[in-house]
Amino acid sequence: MLTSKYFSLPLTLGSTHLKKKLPDQKNNYNTIIGELLTLVEKRRKKRIKQKKKRREENKRKRG
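Heads up, the final residue of the sequence shown is numbered 97 in the numbering used here, and it's a clean run with no missing numbers.
Careful: at least some of the hints might be erroneous.
What the hints assert, rightly or not - No more than 25 Å apart at the CA atoms, straight line, and that leaves these computed lysine-lysine pairs for DSS-like:
hint : residue 1 : residue 2
1    : K95       : K85
2    : K83       : K95
3    : K83       : K93
4    : K80       : K93
5    : K86       : K76
6    : K95       : K80
7    : K93       : K79
8    : K76       : K87
Unchecked claim - Computed beta-carbon distance windows for the label pairs:
hint : residue 1 : residue 2 : range
9    : K93       : K60       : 34 to 42 Å
10   : R94       : V74       : 29 to 37 Å
11   : N62       : K93       : 31 to 39 Å
12   : K76       : R96       : 24 to 32 Å
13   : N62       : R94       : 45 to 53 Å
14   : L70       : R94       : 34 to 42 Å
Just so you know, these hints were derived from the structure itself, not from any lab.
Since this is a predicted model, take the numbers as computed values, not measurements.
Where is the CB? At the ideal position from N, CA and C, for every residue including glycine.
Build the full structure now, drawing on both the sequences and the hints.
Written out as structure tokens, the structure is:
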């Protein structure tokens with residue numbers, strides 16, 4: 035899920051682009067965190083849905 039497109043080359047203190055890259059770097063990390071939260075939420079919803087379905091099937095089996 036997390037691809038290299040989100041990571042830029044490591045920042046060094048001697049870098050002249052440091053001030054430009056820093057906000058991008060932060061934004062990339064925020065994007066990654068956002069994606070992870072989305073994935074976790076999707077998995078949680080799917081799990082809840084499966085539990086509900088299983089419960090319904092068990093009720094039907096019992097009569």
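Each hint, compared with the structure:
no. : hint                     : result
1   : K95 with K85             : holds, 15 Å
2   : K83 with K95             : holds, 19 Å
3   : K83 with K93             : holds, 15 Å
4   : K80 with K93             : holds, 20 Å
5   : K86 with K76             : holds, 15 Å
6   : K95 with K80             : holds, 23 Å
7   : K93 with K79             : holds, 21 Å
8   : K76 with K87             : holds, 16 Å
9   : K93 with K60: 34 to 42 Å : violated, 50 Å
10  : R94 with V74: 29 to 37 Å : holds, 31 Å
11  : N62 with K93: 31 to 39 Å : violated, 47 Å
12  : K76 with R96: 24 to 32 Å : holds, 31 Å
13  : N62 with R94: 45 to 53 Å : holds, 48 Å
14  : L70 with R94: 34 to 42 Å : holds, 37 Å
Going down the numbered hints, you'll see the structure goes against 9, 11, while the others check out.
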